[in-house]
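Chains G and V, in that order, give the protein sequences.
Taken in order, the first sequence gives residues 1 to 144; the numbers are from my numbering.
Taken in order, the second sequence gives residues 1 to 434; the numbers are from my numbering.
Simulated from the structure, these hints should not be mistaken for laboratory data.
Hints are not guaranteed to be accurate.
Said to hold, decoys possible - Straight-line alpha carbon distances no greater than 27 Å define the calculated DSSO-like cross-link-like pairs of lysine-lysine that follow:
| id | chain 1 | residue 1 | chain 2 | residue 2 |
| --- | --- | --- | --- | --- |
| 1 | V | Lys208 | V | Lys232 |
| 2 | V | Lys196 | G | Lys14 |
| 3 | V | Lys374 | G | Lys14 |
| 4 | G | Lys58 | G | Lys78 |
| 5 | G | Lys14 | V | Lys409 |
| 6 | V | Lys365 | G | Lys5 |
| 7 | V | Lys196 | V | Lys424 |
| 8 | V | Lys271 | V | Lys433 |
| 9 | G | Lys14 | V | Lys365 |
| 10 | G | Lys14 | V | Lys431 |
| 11 | V | Lys433 | V | Lys374 |
| 12 | V | Lys433 | G | Lys14 |
| 13 | G | Lys5 | V | Lys433 |
| 14 | V | Lys208 | V | Lys19 |
| 15 | G | Lys14 | V | Lys385 |
| 16 | V | Lys385 | G | Lys58 |
| 17 | V | Lys67 | V | Lys271 |
| 18 | G | Lys58 | V | Lys196 |
| 19 | V | Lys431 | V | Lys365 |
Said to hold, decoys possible - Chain V side only, calculated, beta carbon under 7 Å to chain G, not exhaustive:
| id | residue |
| --- | --- |
| 20 | Glu411 |
| 21 | Ile418 |
| 22 | Glu422 |
Just so you know, these numbers come straight off a predicted model, no measurement behind them.
Where a beta carbon is used, it is the ideal one built from N, C-alpha and C, also for glycine.
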Amino acid sequence: MEVIKQISVFAENKPGRMARVARTLADAGVNIRALTIAEAGDFGVIRMVVDDTERGYKALHDGGFTVSETDVLAVELKDVPGGLYEIANTLGMNNVNVDYAYAFVTAKFKRAMLILRVDDIQRATEVLNEAGVRLATREEIQQI
Amino acid sequence: MIEYWNPRIERMPIEDLHKMQEERLRYFVRYVYNHSSFYRQRFREAGVEPDDIKKLSDVTKLPFTSKRDLRDTYPTGMFCLPENWVVRYHVSSGTTGKPTVVGYTQGDVDTWSESLARGLTSIGLGRGDIIQVSYGYGLFTGGLGLHYGSERIGATVLPTGTGNTERQIELMQDLGSTAIACTPSYFLYINEVAQKMGVSIRDDTRLKAGIFGAEPWSEETRRRIEDSTGIKAYDIYGTSEMSGPLFTECHLQNGIHIWADMFLIEVIDPKTMEQVDDGERGELVVTSLDKWAFPLIRYRIGDITILNNEPCECGRTHPRIMRILGRTDDMIIVRGINVFPSQVESVLMRIPEIGNNYQIIVDRKGPLDVMTVKVEVTESAFSDKIADLMSLSNEVSRQLKSVLNITAKVELVEPGAIPRSEGKARRVIDKRKV
Ligand SMILES: [Zn+2]
Chain G
1 MEVIKQISVF AENKPGRMAR VARTLADAGV NIRALTIAEA GDFGVIRMVV DDTERGYKAL
61 HDGGFTVSET DVLAVELKDV PGGLYEIANT LGMNNVNVDY AYAFVTAKFK RAMLILRVDD
121 IQRATEVLNE AGVRLATREE IQQI
Chain V
1 MIEYWNPRIE RMPIEDLHKM QEERLRYFVR YVYNHSSFYR QRFREAGVEP DDIKKLSDVT
61 KLPFTSKRDL RDTYPTGMFC LPENWVVRYH VSSGTTGKPT VVGYTQGDVD TWSESLARGL
121 TSIGLGRGDI IQVSYGYGLF TGGLGLHYGS ERIGATVLPT GTGNTERQIE LMQDLGSTAI
181 ACTPSYFLYI NEVAQKMGVS IRDDTRLKAG IFGAEPWSEE TRRRIEDSTG IKAYDIYGTS
241 EMSGPLFTEC HLQNGIHIWA DMFLIEVIDP KTMEQVDDGE RGELVVTSLD KWAFPLIRYR
301 IGDITILNNE PCECGRTHPR IMRILGRTDD MIIVRGINVF PSQVESVLMR IPEIGNNYQI
361 IVDRKGPLDV MTVKVEVTES AFSDKIADLM SLSNEVSRQL KSVLNITAKV ELVEPGAIPR
421 SEGKARRVID KRKV
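Next up, chain V with everything else stripped away, as it sits in the complex (with noise of 0.2 Å):
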């Protein structure tokens, strides 16, 4: 087993990824202004030239775009290179308003497949590996994006895709799965179903890790993965206009490894749009320094998040964000306080006597905003007593309310009465804005 895919990038002193960064920076500056009307309208309007970017504090000189732009120049608006360099194209559904459409060259396929190999291999994966890609194929980047990573690493891709469970199942026995990718709501449905059918991942397979990502999570649900099934459980991080994909967990699991000579990231305040300290909550900021289809600079990518630059013990030396909180996208407003969905994960996952499955409604009822979490009572909590599940709701409320500080109504609800998602769980419903 080798330590790392690209020990020279991975362990460089951080002087020299600076340098690097400051490089790359500079040439992609002039890059986007000379190969885009986009940006160059963009950096006349912010009152910037290439010239202005010297230093890599430069960057805040720059302007920020979000997806908003994207969708204002749909399809391929902000594009720099001419259609005939594209040799693939991606696209999300956007759930408001248009979907977003992202172009790779073969350069961007090949750092996008760079960039996970070495995720991949600082999680223990390798040769002799067989890793099931349980992301949806296709549109979406999650399915081809770990698909080429595994390939670049020498694994054996078992390329299901999403759904007929059963089957995944099947074939995770009968091929010998060594790890598995797929959003982790979907990987407890996966377990749910094999304990119907009789097989303990532990047990039954071979499975040793899991890849999870596309949704936000919580330690919490990582300590459920890993001590219902015996996996070890790594996040990943990425989105569409990043690429897909592309940043992990090294097996210490303290962190998402970004690498440094492909993005500059900054996490800003919103209200402020400073960038905060080391260590704080904020918002995550992407500017590609490899990226050429489709480049970005200073994209407002939505997740909050915290940055810790500290190197990670492992010898990578580059920075990582810890936990995804949630995009702002994600975050719900109830009576006036800001609610993530993670947060409210991270409690219910304290608490053994509810299943892995929640909801949460946000409706309105008069002037007030009533916020309803529905939670499964898992068989082995149930005791026919009348009074217990009483208290077991009353408890779920008032860890709720601990955390969130909103009085949150509680509603048991039968085993599988909520839906399982196959790709990334819909975890709220807002009928406040119906």
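This is chain G alone, in the form it adopts within the complex (with noise of 0.2 Å):
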């Protein structure tokens, strides 16, 4: 499966509300794997990749956190120069849109991962996968 879960939080712009989030979770037992917040005047958005998204989205609910699920794409990123080009401009020419991306280093294998919000995720996943980039699936996030 290569169509990854993302929680996203919203957040009053005040000190605090991303320490209440991460002690949420933590008491939940879920690992945050990537994390980027997204401000706009007086809230944001919190927006986290997790190891455990059911866990990790129920604990943030029953928490009383306004939560929502969105369908992302986690792709590797090739340690080479270009290596970002080369996925955004696959995209481009292909005509999908991304909302935003953001990036992170795995911990255990020292991987640099790019998780990507866009229009259209379907189309996405097939032209990068016949362009030879490599997406994580959901099964790697748990484990990474």
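Assembling the complex is the task here: the two chains are given apart, and the hints tell you how they should meet.
See below:
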């Protein structure tokens, strides 16, 4: 399964919000793999990929957070110059728009991964596969 | 099920009602004049004597009274009977200034219960119903008022009072409450807690009616309550000076029936102090016609409403007031424009992405008033895209602007971020007064 579930949390732009999210997940035994914060004035959206999406979602929802799940792709970045360009170019050439992206490095395998939210996930998966870009599966994300 | 509690009075032809009001007005004008030095002085200042009041329309010759008089004569200077006639006090805590004390004879308590018995019957409640009274008991009139009114119609009272919400829901299920009386904001909170407990008001309880008051609320909130819980939501009105919660809508939900044998009501223009026409917005003024310890003469409640003298389709002939827009005390003036919190509420409740709780914050930045409206984002509307959230916030702002004619800053906050209330919700924080 190449589509990854990302968890998004609505958060007011106030001190301690991030800590509350992190603690809620830690208490539920959920590990954060990648995280980014998008801000817009008074509020922001915390986006995360975690090892156990279902458990993470439930813990945050029950903890009173506004949570949603979003389908994203996790793309392995080649450790060569132009690795990112290749991905962006492949998507662009095929009319797939990137809503946002954020990168992280896996602890165990020391590989750079890129989380991508695109407007057409089906098409993105196809064209990236054709271009020989490796997409991480849900199982891999759980294990890394 | 009975249709009317007191059919002779409730369906009395209008001319007979007016005749009854006229007699009672004449009687009570003389009564307060003879029993109270406060009223004697007021009448003298206004150049009016009891003999001048002959017709119903002569009521306009009488002087107005207001909360200020109550404070100036604190605690019992406007009472018309000595304290040994008084069987009960209620005290309302003034947010500003002294509290106000009201007193009741046994007859006054009975009249209060009679009034509610008519109202509760008109929404289909009676023997066999279990009415959960989740208004505060004690000095506040809500709890005891509904309590005695419910007992009067032979219903079973579950006097839970406010608070301990999870237990309220358990008892609602275990004892099978069929109706609940509380503030609309507390009921929305009860529903929120019930959902967290996995209890559906619609499917897991017998609740069919809610009697909601003690704070102004909107048609949009009624729709939200009814759609989300499957109960019928009825408006109830009354203030502590009038005795407490007294008058309700009937099952047709089209205005609150004010029993004309108990109160004479006027709606006036607060600028000219003249009565406005039926259907026009104005300030409610009440004269009591069956209240003995603490009668009211042209008392300016301060609530803004619309009078409707047309008999209701339910067969009741008494006048109705349409939904209370707010109290003149609650009105906030932002950049010279009058804003009632209930107007903000009716805008917000039309937008499904917005939760049930909101707060209005008014502050002054330099010479300018700034109004901020905090609203909670519901989970079903949350999309993870910043752009969607921005457009939601802009949409709320646009709709507020079109109704209120002022630009408000809209702040999206997390669910639960706005404090919940078990009694009257605190909707406005005016930092300019601090
Ligand atoms: Zn009616």
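The hints, checked one at a time:
1. Restraint check: the Cα-Cα separation between V/Lys208 and V/Lys232 comes to about 6 Å, which is no more than 27 Å; the hinted pair holds.
2. Of the pairs offered as hints, the one joining V/Lys196 and G/Lys14 holds, with about 25 Å between alpha carbons and a cut-off of 27 Å not exceeded.
3. For the hint pairing V/Lys374 with G/Lys14, the CA-to-CA distance comes to about 14 Å; that is within 27 Å, so the pair holds.
4. Between G/Lys58 and G/Lys78, the direct Cα distance comes to roughly 34 Å. Violation of the 27 Å bound is thereby established for this hinted pair.
5. Note on G/Lys14 and V/Lys409: the hinted pairing holds, with a Cα-Cα distance of about 18 Å set against a maximum of 27 Å.
6. At most 27 Å may separate the alpha-carbon atoms for a hinted pair to count; V/Lys365 and G/Lys5 exceed this at roughly 44 Å.
7. Between the alpha carbons of V/Lys196 and V/Lys424 the distance comes to roughly 22 Å, so the proposed pair stays at or under 27 Å and holds.
8. A distance of roughly 24 Å separates the Cα atoms of V/Lys271 and V/Lys433; the hinted pair therefore holds under the 27 Å criterion.
9. In summary, the hint linking G/Lys14 to V/Lys365 is supported, as the alpha carbons are separated by about 21 Å, within the 27 Å threshold.
10. Taking the CA atoms of G/Lys14 and V/Lys431, the gap is about 20 Å. The hint holds against a cut of 27 Å.
11. For the proposed pair V/Lys433 and V/Lys374, the alpha carbon gap of about 19 Å is at most 27 Å, so the pair holds.
12. Between V/Lys433 and G/Lys14, the direct Cα distance comes to roughly 26 Å. Compliance with the 27 Å bound is thereby established for this hinted pair.
13. Proposed proximity of G/Lys5 and V/Lys433 is contradicted: the alpha carbons are some 49 Å apart, above 27 Å.
14. With a C-alpha separation of about 38 Å, the suggested pair V/Lys208 and V/Lys19 falls outside the 27 Å cut-off, and the hint is violated.
15. Using a Cα cut-off of 27 Å, the hinted pair G/Lys14 and V/Lys385 holds, with the two alpha carbons roughly 19 Å apart.
16. Simply put, V/Lys385 and G/Lys58 have alpha-carbon atoms about 20 Å apart, close enough for the 27 Å limit, and the pair holds.
17. This hinted pair checks out: V/Lys67 and V/Lys271 have alpha carbons roughly 18 Å apart, not beyond 27 Å.
18. Among the hinted pairs, G/Lys58 with V/Lys196 is consistent with the structure: their alpha-carbon atoms are about 13 Å apart, no more than 27 Å.
19. Distance hint between V/Lys431 and V/Lys365 is fulfilled; the C-alpha atoms sit about 11 Å from each other, no more than 27 Å.
20. Among the interface hints, the one on V/Glu411 holds; its C-beta lies about 5 Å from the nearest C-beta in chain G, closer than the 7 Å criterion.
21. The interface hint given for V/Ile418 is violated, since its Cβ lies 11 Å from the closest Cβ of chain G, which is over the 7 Å cut-off.
22. Because the smallest distance between the Cβ of V/Glu422 and any Cβ of chain G comes to about 18 Å, over 7 Å, the interface hint for this residue is violated.
This entry does not satisfy hints 4, 6, 13, 14, 21 and 22, going by the numbered hints stated previously.
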